[in-house]
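Peer 1: Based on the provided sequences and hints, a complete structural model is requested.
FYI, the working numbering numbers position 106 of the sequence shown as 106, with every residue one higher than the one before it.
Some hints could be false.
[What the hints assert, rightly or not] Capping the alpha-carbon separation at 27 Å, the derived lysine-lysine pairs in DSS-like fashion look like this:
1. 63 <-> 114
2. 176 <-> 25
3. 63 <-> 25
4. 63 <-> 20
5. 138 <-> 25
6. 63 <-> 138
7. 138 <-> 176
8. 138 <-> 56
9. 114 <-> 20
10. 138 <-> 180
11. 180 <-> 114
12. 25 <-> 114
13. 176 <-> 192
14. 114 <-> 56
15. 192 <-> 180
Treat the hints as calculated values from the structure; they're not laboratory data.
Note that this is a predicted model, so its numbers are computed, not measured.
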Amino acid sequence: MNINEQINNALLLSFESLSKWVQSKLDLHTAAYQAYNRSPTQYYEPRLHSPYLQIKEELYCRKSEWEEDLAFLTFRKGVIDTAENASENERFLIENIFPIVRDAIIQPLQYHDKGYLEYILGTRDACEYAQSDLDRYKCIFETVEESLRLYDAVVLTRLPKLSRLRNEQDIAGVWKEAGKSEGMNVHMQALKVYGLDGTTAWQGFH
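Peer 2: Here is the structure:
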């Protein structure tokens, strides 16, 4: 298996992991809703009341796009994981891998619900939102954050393990470039809204 096949497999697994993570959240919402609304005379469809259902459907719609983008990468020359190829590895992560994560997951989730952007960017007063809206926005935020944790795992496996300082510099370079994208700008603002700026696992490098 060449390096591109390895990275493609890692990304496919990361997408699968994200889908399973969303499903686990949906299952928790389902169980909580059933317990709270249990009634011998009324039937409930609890999944319809979870924001994670919409997110699950959005990810399902994006799966083929994700796979097509990864298939394109199999035609690119693989980069050997050595110190001599550190710069090329970094460019590969920035120019080829992150755009797939951004275009197939981050931005679609952010733009799937117009109210999310309005809330995060502060274009409307927070008191105008219903609690159900706020719950949904937090679910979107958490899913984007989880996708970035998975991308971070890919970054760590792709860059060569040199000295700790050099490795952290390379990782910081990847995140600095990724942070310039529109989707990341929105997410950085969301981190401030939720009081998590600088506290999540990958952010030590941004």
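Peer 1: All the hints need checking, so say for each whether the structure fits it.
Peer 2: Hint-by-hint comparison with the structure:
For the hint linking residue 63 to residue 114, the alpha-carbon distance of about 22 Å falls within 27 Å, and the restraint holds. Annotation: proposed proximity of residue 176 to residue 25 is violated, straight-line Cα distance about 30 Å (limit 27 Å). Annotation: proposed proximity of residue 63 to residue 25 holds, straight-line Cα distance about 19 Å (limit 27 Å). Among the hinted pairs, residue 63 with residue 20 is consistent with the structure: their alpha-carbon atoms are about 13 Å apart, no more than 27 Å.
Our distance criterion of 27 Å between C-alpha atoms is met by residue 138 and residue 25, whose separation comes to about 12 Å. The suggested pairing of residue 63 with residue 138 holds, with an alpha-carbon distance near 22 Å, which does not exceed 27 Å. Distance check on the hinted pair: residue 138 and residue 176 sit about 25 Å apart at the alpha-carbon level, within 27 Å; holds. In summary, the hint linking residue 138 to residue 56 is supported, as the alpha carbons are separated by about 15 Å, within the 27 Å threshold.
Among the hinted pairs, residue 114 with residue 20 is consistent with the structure: their alpha-carbon atoms are about 25 Å apart, no more than 27 Å. For the hint pairing residue 138 with residue 180, the CA-to-CA distance comes to about 23 Å; that is within 27 Å, so the pair holds. For a cut-off of 27 Å, the pair hint linking residue 180 to residue 114 stands: about 21 Å separates their Cα positions. A C-alpha spacing of about 22 Å is found between residue 25 and residue 114, which places the hinted pair at or below 27 Å, so the restraint holds.
The hinted pair formed by residue 176 and residue 192 meets the criterion: a straight-line CA distance of about 18 Å does not exceed 27 Å. Annotation: proposed proximity of residue 114 to residue 56 holds, straight-line Cα distance about 17 Å (limit 27 Å). Distance check on the hinted pair: residue 192 and residue 180 sit about 17 Å apart at the alpha-carbon level, within 27 Å; holds.
Comparing the model with each numbered hint stated earlier shows that hint 2 is the single one that does not hold.
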